[in-house]
Each structure stands twice: as structure tokens, then as C-alpha cells.
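Protein chains in written order, with the working numbering: chain L, 41 to 290; chain S, 29 to 297; chain C, 225 to 473.
What the hints contain is simulated information worked out from the structure, not anything from laboratory work.
Being a predicted model, the structure only gives us computed values, none of them experimental.
Keep in mind that a hint or two might mislead.
What the hints assert, rightly or not - Derived pair list, reagent style DSSO-like, types lysine-lysine, alpha-carbon separation capped at 27 Å:
id: 1; chain 1: C; residue 1: Lys461; chain 2: L; residue 2: Lys263
id: 2; chain 1: C; residue 1: Lys289; chain 2: L; residue 2: Lys43
id: 3; chain 1: L; residue 1: Lys164; chain 2: C; residue 2: Lys289
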Amino acid sequence: MRKVFVKSRELVVPGTLLAQGPFKAGRGTFKEGSRIYSTVVGLVDVRGDLVRVIPLEGPYMPEVGDSVIGKVVDVKFSGWTVDIGAPYQASLRVQDATEERIDLMKTDLRKIFDIGDVIYAKIKGYNEVNQIDLMTKGMPFRGGPLRGGQIVEVTPSKVPRLIGKGGSMITMIKKLTNTRIIVGQNGWVWISGPNDELERLAIAAIMKVNRESHTQGLTDRVKEFIMGHLRELKERGVIEEVPSEGGEES
Amino acid sequence: MSDQEVMASIMRDHIMNLLREGKRIDGRGFEDYREIEIKTNVIEKAEGSAWVKLGDTQVLVGIKVDVGEPFPDLPESGVMTTNVELVPLASPTFEPGPPDENAIELARVVDRGIRESHAIDLEKLVISPGKLVRVVFIDVHVLDHGGNLLDASGIAAMAALMTTKVPRVEYNEETGELTKLDEYDPLPINHIPVPVTFAKIGTAMLVDPSLDEEMVMDGRLTITTDETGHVSAAQKGESGSFKLEEVMYALDTAVEKGNYVREIIKRSL
Amino acid sequence: MMGRPEGLKLIDENGRRIDGRKKYELRPISMEVNVLKNADGSAYVEWGKNKILAAVYGPREIHPKHLQRPDRGILRVRYNMAPFSVEDRKKPGPDRRSVEISKVIRGALEPALILEMFPRTAVDIFIEVLQADAGTRVAGIAAASLALADAGIPMRDIVSACAAGKIDGEIVLDLNKDEDNYGEADVPLAIMPMKNDITLLQMDGYLTREEFMEAVRLAIKGAKAVYQKQREALKRKYLAVAEEVAGNE
């Protein structure tokens, strides 16, 4: 028997029976016998024989290759401890931090990254004992520290929506608000703008995406939202010109 | 994994394999208690006491009877309180210090079983209504933890209560003077509640779990019944879950095994 | 059970209870998820006069290390009553009752959680009883399950809970404070509704075997009704956004 009990993109809660039969239980589900149930609050996604639920909330689970934003919480003898919002703290070893050869006896590692610094790193390794290794070497902005700006958090599962198809959503927000934005796959987003108002507007747009990620027609609504505020900012003399709607392609 | 956890997981496989063949690790049937040994009046300084051995588990209960004020909302009733000490001498896992959650849960389930069946006739323990009543302290001292502390404590508490002697007193309402006499009355007992504990391992329900069985059990269920077949306490403990049919089975079995244990208590007096 | 005022009747000649409810009727219940900013998940439940807040933090690495389990995360529960939650001020901090309730709530929720995904971590649940009117542990479990789902902690099911009891000789659903004080028994229960697995069962009182089973069955029915409200509360948060968005177009 092969049966799916829910519609695609249907909102489900933990314990909901999703499908029965020769399906594979993807993320956000568990299998018991031939039945697949949801384990989270989220949207159902059935592709071929894979049943999964895209969570609307939940902790960040690292995957090798992810680019993340993190905050340095400790400086050790030969590396750093970094909070990336995962259940486990991550480590960055000095040889993964920079191309330069560092003499540990002579170098104060705090000069590279200090406690409180915001970094942009790649997940280099994540093993079965939950050791997370980061790498900033070869990352854009040399991995940081990212100066100024602010960090906001979105639900990690909503990052793809925030980036949009081919980067469409985030590019639009950046262009229209004239801000620099780095989205970590851990849901941490770094934003730096030319002034407070535009920075706040970009953050508001990002949080709107986070809140309404499960709804239709989001890109247009976000654009409208930003444009409305931009016109207001122009009237108040904060900005000189409202950029053209599409923004220019980079 | 730590050594202890490796051991637990090996032990679980071993126990589960035996259970599939219908056997328990110590050869008992699923509904069998380990040997129960009861000695009463073992502490002369206490008004009542009982030393209970349940397999490898040993507990000592002492009863102290004092006088004190009744609760304001229950002026015509004596007071009972139950306390459990899991002293470090009884197990490498017990730590010195104030009662932890295990000791507190244990004490409260034993207490509810006795209190709710009105096992002690507290209304007969009033010296002066609203002013002075008897206070019965049930203190459980666990001496050796071999599993199923709850049933051992419940059995010991009842055996101790049933042998408790209360000194007669003379109370002068005018002067408030209280004199202890050298005469004793037995503590008035109405019912004999007995807790029966089940461990669920896989789908098996085991009466009176040993320590090995407790280490690997999924969940625990205790049901206390008295000689009239009434239930006076129930407690699902630890993790795991039970089906309605399993609760029904436990209830019927608790009445039956409760009768068996009650006879042993009575014979010990 | 407390000394009962003379002449107090908990069920009147029309079969109505002191708050006007029928025998098998729940008190009014309202639930809301995501009510706190700092917590990873949270929920607020009003159940009769009970007002209960639950928050979840984690999974997060725990120290000291000896508390860690290499094969799974652990669950920690703290049930706490505010000093002003009851008629006579309660001394702040854990008493014996709160310690026991915290422990049985942990046992009620643990079977539903898939903590094998988070070795060496802890999930912390904090249940704050802001106002108490009997049945706080079952209301606390309902709130805690919602907070866990809101935190995105993977679960096999949403744990639901309800109590049944005996007042004036009759088995009824969901006792309020007076019924709990002057009644004959209280049977709080929690279930994983999908497969009717009982994860919390306690009894305080004196019942025949038949009455006990009747109370258990009734509490299961009550918990299933509560479960429907939990599902609605979880979905409402997202459906409300979707509706609001649609409404603006």
C-alpha cells in the first residue's frame, strides 16, 4: 500500500501521520513500520519517494560546507571557541584561520580574533562526537572580524527563502536598502548600512521574510514593503533618491 | 560510552533476550516477589519499627510519635508525615545531603498510599481538638539498594505502624500541662495498604523489579491497594509509557499481589 | 483532602458542579505559543483559573561534563509556583511537592522527545505557575509540550494531559480547586495521543478498582480534547500570519 495522507506544503504538527508505504523518511520525520510521521511543526514536502517536513522552528544542525556567521566566545592557546547557534560550540584552529604561518609562542591570537568578534566561516568538519570545526581561511572578507553592523537571527530552515531563487530575495533587499548583508546558513544574518534608518529597514524586511516564509507572493510583498518605507525616508530627507524598483543587476 | 553505560546496554540485551523466553534474570516468574523477610520492634527507642529485606534490598523504618498542633483546617485530626533518607551507605549512587528527587518521590508515594486509605485512624489521635494532637513520624532509612525501594518502604512502614505503641497522656486543659504515662496503646490502624511496583521492559511487565531490572527498565508503575481492594495511590515513574490494558493488568495484579504481601506482613507481627 | 465546610455540595440536584460545569466538561482553556523572546520556545496556557507559562531552552551543551550522555541529550524540568499563585503566599523556591511534580513531568514528556539527535546536550523546560487552581501539573504538561514544539525539538507526538477525579461519589473530569480540596480523589494523566500511550499517571485519593479505571478512561478522553486545542494553538500562529497576508492583498 502506498498512501500520502497530507497535501504538499500542508502545515503539520509533531506526530501527524504523513504517509504509508515504500517511502523514505527525510528530515523532520520518523518512520515506524511502514508509516511516516512528522516530528516538527512545519510544511510537508513530498518529492518522489522522499517525505520530509521543512521545520518552521528549530535549532541549527551544522552540515559540512555550510557558511555561517559566528561569535567568538573564547580564545584558547591554539585557536578559538565560536558560538554559531548550534547545540554545540564550534572550534576554529589557528591553521584554519589564516594562510599566514603563526608562531603561537609569539603571537597574541586576540589580535586575529578577539572575544566578541563576529566572524564568517565555513563548516570544515562535523563528526559523530559533535565536534564542529570551522575555517575562515579563503572566506570572503577574510572571514572577518565583521566590523560594525548588527546581527539578527532567523530560523535556519528559512534561510533558503531569505536568499531566494538565485539570490533574488536577498539581492533585492541589499540593493533597495543600500546595505551590506551576509546570511549565514545557521540563520545568523549580519547587516551593515550607510545609516541607522536603512539598516533598520533591511532588518525589518529580513524579519518579515522570517515571519511570512510559509506564505505565497512574498517577494513582491517585501519589495512593496521596502519601497513604501523608502518613499517615506525620502520625504523625511533621510535619503535623496528612491532606487528604481528592480534594482540594478550586479 | 562510559563503562557503566556499556554495562547497562549489554545487561539490557541480556535481560530482553531472557524476557522473550519468558524468563527473568534471577529465575523468577513475571509476577513473583523476591523473598520478603520482616522483623519488627528492632529499635527500642522508637515507638514502632520494622526491618524489611526484599531480596537484596534492605530498609529500616522507625516510627516516632510526638505531640504537636493540628493543621488549622483539620483541627480534629492527628498528623502524619513521611520522610525517606537514601543514605550513602546503601548504594554507590547515593550522595549525602538533603533528600533528592528520588527520595522525595519515594516518600510522597509511600505517604499517599497510607494517608489516602486512612490506614492510621488520625481522628483517634486528638488530645485536645484544635490544640493538641499526636504527630506520627514515619522515617524510612534505606540500608541497601537492591531495587524496588518503594514496595520495601511501604511494607516496612505498615509493619512498623502496626507494631507502634503510643504512650498515654494526661492533658490539663486549664494549665496546658501534659504528662506522659507509663501505659501504652497500640496505634489505631484501619487498613493495610500495600504498594505493588511494576517495571516495564520492552512489552514485559515485571512485579518487584530487582536493581538490574530497574537499571534497564523503560518505565515504572506503582499501585497501592488495601485489603478492601480500594486504590489509595498510583504513580507512573521514570520515562516510558503504558497502554490502558497494561494499567488494567497492573491494577488487578496489584490487588492480588497486595493480598499476598499483606499476609506476610500480618504473619510477621 | 481538607476539612470540608458543612453542607457544601459539589454536585447539585441538576447534576451541575459548583462552577456550573457538567460532569464531563472541561474548564475553559486557551493556549498561545511563542510568547517569550529569549526562550527557544514558549507557551502560555490559561486553564480555568490556572495561568501557566512554559519556556524551553536548548538543546545546548551542558557542563559539568559528567551530566552529559554520550548517546543522547537529557531533559531537565523545573516546575515552580509563584509566591502569589495561591491563596496564602507560597514560600519561594522548590518544596517537596514541586520536586516530585518536576520529576513526574519529566517522565511524562521524555518518551515523546527524540533526544538521540542531540548527544551531550540538555533541553531545559521551565514551567512557571503564575496562578494555581488545581490541575497545574496537567496544564503545565500541555504548556511544556507546546513550548517544545515551538522550539522545534523533534518529537514523536505532542504530549497532552488532563485529570479526572471523584467528587460527591461521582467520577468527573478536570477538578477545580474546591473540588480537589473537598473531593475524594484526583487522577492526573498524560498521554501521547497518536497511540494512546500513557506517560503520566498518578492518583491521590481513595477509589475502588472500577472507579479508578473509569477515572483513567475519562482523563484520557479529556486529554484528547486538550490535544485538539494544542494542535490548533500550534497551527494558529502560522495560519494567522498567512491569513493576515492574504487579507492585505
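Taking the earlier hints as the rules, which of them does this structure contradict? 2
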